[in-house]
Amino acid sequence: MVATQPELNHKIQVVLVWGNNPPVNLTLLKSLPNLKAIVNGGVGVDHLEIALINSFGVKVSNTPNVVDNSTADMAMGLMLTSGRRIIQGDRFSRDHKDGEDLDESLLGTDISGGTLGIVGMGRIGYKVAKRAAAFDMKILYHNRNRRPEEEERSVRATYCPMLADLLGTSDFIVVAVNLTKQSTHLIGREQLSAMKPSATLINISRGMVVDQEALVEALQNKWIRSAALDVTYPEPLPRDHPLLSLPDVIVLPHMGTHTLETSGHMVQRMLTNALAAMAGETPPDEVTV
Amino acid sequence: MQEEEKPWALISEVGGDNGYLEELVDLMRQHFRIILHKDLQSDPHLHAAKIQVMFMWRYLPMAESSLLRSLPSLKVIAGAGVGTDHLDLPFIADLGLKVTNTPGVVSDATADMAMALLLASARKVLQAHQTTVDPKTTQMPNGLMGFEVTGSTIGIIGMGDIGYKIAERSKGFNMNILYHNRTRRDASAERSVGATYCDTVDELLRRSDFVMVAVCLTPDTAGMIGRRELSLMKPSATLVNISRGRVVDQDALVRALQSRTIHAAALDVTHPEPLPRGHPLLSLPNVIITPHIGTQTYSTARRIVKAMVDNALAALTGRPIPNEVKPK
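Residue numbers (my numbering), protein chains in the order written: chain A, 1 to 289; chain B, 1001 to 1328.
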């Protein structure tokens, strides 16, 4: 629209961003003189240059909280699907030949009683802990800040001041941090080689939190057993990327919030933020640098 | 114990589809000398009279009359898992044999499997993964919407050990938990997981987003989920079966899925196992079928074998048997 109907540009007060589209770049910002807000669907805003956008007098908002349950559910879904070999089992049911053997690859890893390491215990990480506690999992977590004791006790989680503290003992590791400069490649060769060979890495944060080349190396050399990724970089991966053909790797198209209910809540929240901006108020979910 | 003192036990095979991992057989070898079924068959006169225990794993060796009658020293059939619907218990008891199973040790793994099937189905993990990793895919399934698990309603049919553990796990997702059981659980057990008793299965079927079948297979439960029950379910609902294939009328399930009477099914058990290639269930969308691996994890397999060994040793030494199964 910005390109094809420029006479409408002055009318646009809000740009709604969904699935990182439309890309918010200099060209867009310069062509919308009355723009008040970039209203993002989703909580991650690593794809938006907030300082640049603010310099045009434009606010940025996201949709925190409403995404937490479905994203935590997705983390559990990935852990259980991977741990109990659901994809391999289903494939065997459909493709097996007469008298073909159940491979040892179908033998799973117990979730109940296993150790879960949560990297990033924000709202989403905490909800993952709550769900995992119901499976009697032992929970270790690493976070910039320690949670209050009652919150730890409520999900039976033990704080690890260093990320390294949870790498060697976790059967499953869920990465649930924001993507920032500090968290880029937080999980790299060093971390992957410290993990148990039987462990599974689950990433529901952003692709770039994990050093993807190191992950490929780790899987090929069996430093870890498997990976389950809702996020990669880029999204989608090129069709010949090794992650797509490694056994024991689940790759999903960034669908942690893809339920009708949550998508509906996100859109409602976006509207709340958009209407506030248009009324000249601060959007309730404004994100600043 | 000296090797010569150890009693002899018959097992199916090591490795392969229905065989044991080597390390599991080593657990048995601590207390027993092991004969493989194929070795028994190739030289019955050498081995048959020695065998006092038959361990059954994934239904093998089959407890057929001809086999049982050929083992004069056999005292106990020690099975893996909790179901005994595949055994003719009165017949076996008439032969003077004891039967044991392994409840308890399988409950956590089976409850986990139930939740895995529920989540994988609800969030369309298999479809999304298959499209995403396919080199020929040009368009990502970005509009593929799943069903919200948090806050949804699960109806658990059969609230035994396993059903209750499913309820505990569902509570972590803030699910609304309904259940039906032959006998109602006591109030504190209900309160502890926030479960609501449904007097009738019908009520549970009408209200549930996920119908979870966790009963034993008995003459009463065979076919209990049929055309009528499926028609009472919500069109958006999912059937999850971790009990036995025959608890569900499979033909009725096929028709219900084809006509969109229900949305999806996730089954760890079918009838038969495995399903023949070309079976309609295998070509329906929104269906997950796993090859009865509900208890199949490294740790649980070890616990099962240890329990089988304990049961068998107790039977041979006349001690109280931890998990004896008697005909009704």
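No lab work stands behind these hints, which were simulated from the structure alone. Treat the hints with care, as some may be off.
[Said to hold, decoys possible] Taking CB as the label site, the calculated pair distances span: (1) A:Lys30 - B:Lys1234: 44 to 52 Å; (2) A:Glu149 - B:Asn1286: 39 to 47 Å; (3) A:Arg153 - B:Gln1258: 47 to 55 Å; (4) A:Glu149 - B:Arg1033: 50 to 58 Å; (5) B:Arg1319 - A:Ala194: 43 to 51 Å; (6) B:Pro1103 - A:Glu217: 42 to 50 Å; (7) A:Arg153 - B:Leu1284: 40 to 48 Å; (8) B:Ser1192 - A:Leu8: 17 to 25 Å; (9) B:Leu1284 - A:Pro247: 20 to 28 Å.
All residues carry an ideal CB built from backbone N, CA and C; glycine is no exception.
Comparing the hints with the structure gives:
Range check, A:Lys30 to B:Lys1234: about 51 Å between beta-carbon atoms, so the 44 to 52 Å window is met. In this structure the supplied range 39 to 47 Å holds for A:Glu149 paired with B:Asn1286, their Cβ-Cβ distance being about 44 Å. With their beta carbons about 50 Å apart, A:Arg153 and B:Gln1258 fall inside the hinted range of 47 to 55 Å. Under the hint 50 to 58 Å, the C-beta atoms of A:Glu149 and B:Arg1033, about 55 Å apart, fit the expected range.
At about 46 Å, the CB distance of B:Arg1319 to A:Ala194 agrees with the hint of 43 to 51 Å. Distance hint for B:Pro1103 and A:Glu217: a CB-CB separation of about 44 Å, consistent with the stated range 42 to 50 Å. Range check, A:Arg153 to B:Leu1284: Cβ separation about 46 Å, and the 40 to 48 Å hint holds. A C-beta distance of roughly 59 Å is found between B:Ser1192 and A:Leu8, which places it outside the suggested range of 17 to 25 Å.
At about 26 Å, the CB distance of B:Leu1284 to A:Pro247 agrees with the hint of 20 to 28 Å.
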